[in-house]
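Visitor: Each chain is listed here by its residues.
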Amino acid sequence: MDVPSSGSLPDDVFHDRCDAIIRSVSTVIDGKTEAVRLALTVLLAEGHLLIEDVPGVGKTMLARALARTVDCTVSRVQFTPDLLPADITGVSVYNQNTREFEFKKGPVFANILIGDEINRASPKTQSALLECMAESSVTVDGTTYELETPFIVVATQNPIEMEGTYPLPEAQRDRFMARISMGYPDAAAELEMLRSRELSSPLDALTPVVSVDQLRELIATVRRVFVSTAVEEYAVAIAQATRRDPEVRLGASPRATLHLVRAAKARAAIDGRDFVLPDDIDALAVTVLAHRMIPARHSAQASTVLTGHSIADVIERIVAETPVPVTAAAS
Amino acid sequence: MTTTEASRARSLRAHERRVRIWSLSGTLALALGVAASSLGEVLTEGAWWFPYIGVVIVVLAVAAVAHTLIARAWIGSLVGAAVGLATLTLFFAPTTAIVGIIPTLDTFDRFGALIAQGQSSMESQRFPADADTGIVFLICLGAVGLSVAMDAIAFVLRRPALTALPLLIMLAVPAFVRSELHDAFGFAVTALAYVGILLVAGERTTVRAAWPVVASALVLALIVPVLLPSVDPGESSTSATGLISTGVNPILNLSNDLRRDSALLALTYFSDEGDEYLRVAALDEFSDETWSPSERELDDANTVDEFAPAQGLSDEVPRTENVMQIQIQRLRGKLLPVPYAATSITDAGRGWVWEPEGLTVASSFANSKDANYEVSYITPAPTIEQLEAAPTELPAGFEKYLALPESLPAVVAETAQQVAGAEATRFDQALALQKFFRNGDFTYSEEAPVAEDYDGSGAEVLGEFLSAQSGYCVHFASAMAAMARSLDIPARVVVGFTPGQRQVNSETDEVRYAVTTDNLHSWPELYFPTVGWVRFEPTTSVGSTPRFAQSVNDDPSTPDVDESKPEPTATPTASATPGARPDAPRDDIPDNSTPGETQISPWWLLLLAIPFLLAIPALVRAVRRGLRLRAVGRGNVALAWREICDSAADLGVAVSRNATPRQQYEQLAAQLGLVTSGADAASSSSSASSALAAVLAAVEASAFSPRPHPVRREAVTSVLASLRSSAGWKARVAATLAPRTAFDR
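Line by line, the protein sequences give chains V and E. Residue numbering for the first sequence follows my numbering, beginning at 1 and increasing consecutively. Residue numbering for the second sequence follows my numbering, beginning at 1 and increasing consecutively.
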């Protein structure tokens, strides 16, 4: 790569820091490098991450490990059905000494907020959090408080078929940049996990590898990644195709397109490039788009179960059908 | 999915397959049927079309049935070919075959004879030609070949875009035969049918792929006539009647030029001697059917800057030396008209050589079109005494000038004996023959021979001519030459022009002679030792007898009395011919105006053109590659990548068209055997992989980064080379001769 433009980190510095984060997180999440890379991608793109999977595969472990490798303020909220919005945003309490109301900041005032099992909270509470996510500010009693930067929510949830959950409304799922799932570890990784967890939690051994300032530098570098018109048009073409597709009831929103390109920038940077390739878009399309889209009724769950035809398959088909810009440029 | 559903799905698929096969076969038949409209240009009437389309439909239908039953497509095409052969056998040679359809060796002999018949029929007919049995057989044979080719291309090769080639062959036929493309409508309809094929064939080929094919077809149709030195119509507006060609054996079609409604200006000339007969060809072989030039190779050493001396002309014979300026107008062909006896030609252009016996001028490749040349010639003026004193012994090699076909009716020799047998010398015998034809018993008519069916110059018609006593120059010339031969006088028939009409330019006072189709003529030349070949004019009321010969006609002692003067006044010919002849009363034009000794059969030209047509995909591909590599030199990196992917596809490597460069890179790397993933390939030791990675990096940078990255042309060519070397030889041959991406967009 050539010399990066001003404001960006030198290529090798950027690469070293990313490497350090990935290596550090990977020590606690065995054999899930791809999930870790995706998580880092979302982190660097300043997006919110939704980790969705069955219980016990390490969703929370990933979220905590990610938060721990960065030396920043981290808060964690265990979502339950009786959790109230004020438990997230904070409350005004009467200080008897000063005889004034005083704002007690909630857990949302942190760089990284880990929301465990977000779909167990009532929709009202979910909304409170998700509004913070969209606006990066909290208004309590007529006063607006700015959240810290970066502000990143890493939420975990169980699949909606599980009991005792409130599925996130689609409008709110849209606020998450990406949804990843962990998947079960393979036999070797599971065995390794058994041995390493015997004595202590591996999280305890984890030390921060980047400071919050360094994280801001990384994010600034990602923002400067170049996106060519061709790639932008490619992303837009994919998003528009999802809206036209007969198998899709709700297609990707414009915010989804924005998130897709931002995530692609981060992926390009992690890959050591300062420009985005169509490959970045291809690789992230399912991760970024799938959780926001709803399959059409006639091809919905029933046939999904029968044919294995999920919304991810639809997205992959759309991506395969959308003309790749370089080919068009060559004709 | 239950078994019922599965079987239903299967039968649905089979149904779709059947529909596809039949609709594609139907479109192929439609396209071939429409493309045959091009033959309407060169053939009269349209009855030949029905056997043609019948054969096409039979072949394609049988092949389609076979395709629906048998999965292997090549078997279907083979079955179609076999049934096509059986159909030909049934209609053209049923008696030679087992059960009428299974061909035997005799069948193929019969086919060979039919092909020869068709060829000679095409050579001997003027276009548009009548589709006789031979020509219809050639058409049906072509129908089988083209149908099988179309079927194989569409079903075996699965490249419907290439069906353009057989269609092109069909469309190109008139261009080869007639040097022009009249039938733009037929061409357009065929192009539409072709687009239909592409639409029916669907998926992989797009209709846009048709445009390179259509474009090359148009170029072909326009270029071929320029490249081929074949017949050329004089006036396109009058279609077939508008040309004066010297392409084919003249004696066969001369009558058509004679019966032309309006005369065409063939050439103009000026000579200080005045008017002259102009010779085009000397016909010395007399067969059952016709007079024709004997087959002699043209000798390139006989360049026209110096001719051989005239045969048999001794130094004692008086002569005058003259110069003639000739300008060709509407005459086309590989023969140049010259007076007798030419000694040299200047300014005629390259390729013209003289023929040693006839002293005519021919070429194997040049065309008389627009020729403007100067001929130096001598005019022998033998005295009566010299002619009468000519010895009777003939030089060696003159036996052929005495040969008569066995089918010659006896009446010819009997009449000759009766008319001239009593004369003392050979020359007197010749004069007696000439006088026999010109003494008033014979009449000139271009219509009588046609009406009574003895048109032509062959041996068999001479008897009828002698009894009917009516005919035109070919009959007179042929009869006199044959009778002379029967009297042991060497004789040949010459085709050429009578002197033409004298014209004076009122402004410049320039004199020239205008020679038109009405001046087409044939006459006998007789040979007298020590004097050489002497022209006679048996055709009554036409032309002029030679001065030395005239004298004997009426008064042998006054050789200079010009007998030609009474002739024009006595022109029964003028009245015998259609009134459209403006001013040339010499209607006795020889029936077959042009000797076509070097004319190549159009079918052979077609055969030669097939490799060219087949080479079109390779040429298109090569040109594209060249253009792309040049564009690479100018910095268009995307085209470099496209070229690499197309070359790989040509070699049979599966490279997705709609994939990112990096994904295509993975596929290419797999083909090249590079153990690599993604861009890390740059670190690979192999030069091919580093070149490929370099090109990939440049492509990605140029397309998606703010800093366009050049690529070295050498890197691209080295990738192309390593791709080729990684493929098997079969794939390489296929990629060169039949590149899959030739017509892709």
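No lab work stands behind these hints, which were simulated from the structure alone. Keep in mind the model is a prediction, meaning the values are calculated, not measured. Just so you know, not all the hints are guaranteed correct.
Some chain V residues close to chain E (C-beta under 8 Å, calculated; not the full set) [what the hints assert, rightly or not]:
#1 F226
#2 V231
#3 E233
#4 V276
#5 D282
#6 P325
Glycine included, every Cβ here is placed at the ideal spot set by N, Cα and C.
Visitor: Decide, hint by hint, whether the structure agrees.
Guide: Taking the hints in turn, this is what the structure says about them:
{"no.": "1", "hint": "F226", "in the structure": "holds, 5 Å"}
{"no.": "2", "hint": "V231", "in the structure": "holds, 6 Å"}
{"no.": "3", "hint": "E233", "in the structure": "violated, 12 Å"}
{"no.": "4", "hint": "V276", "in the structure": "holds, 6 Å"}
{"no.": "5", "hint": "D282", "in the structure": "holds, 6 Å"}
{"no.": "6", "hint": "P325", "in the structure": "holds, 7 Å"}
Going through the hint list in order, the structure does not satisfy hint 3, though it satisfies all others.
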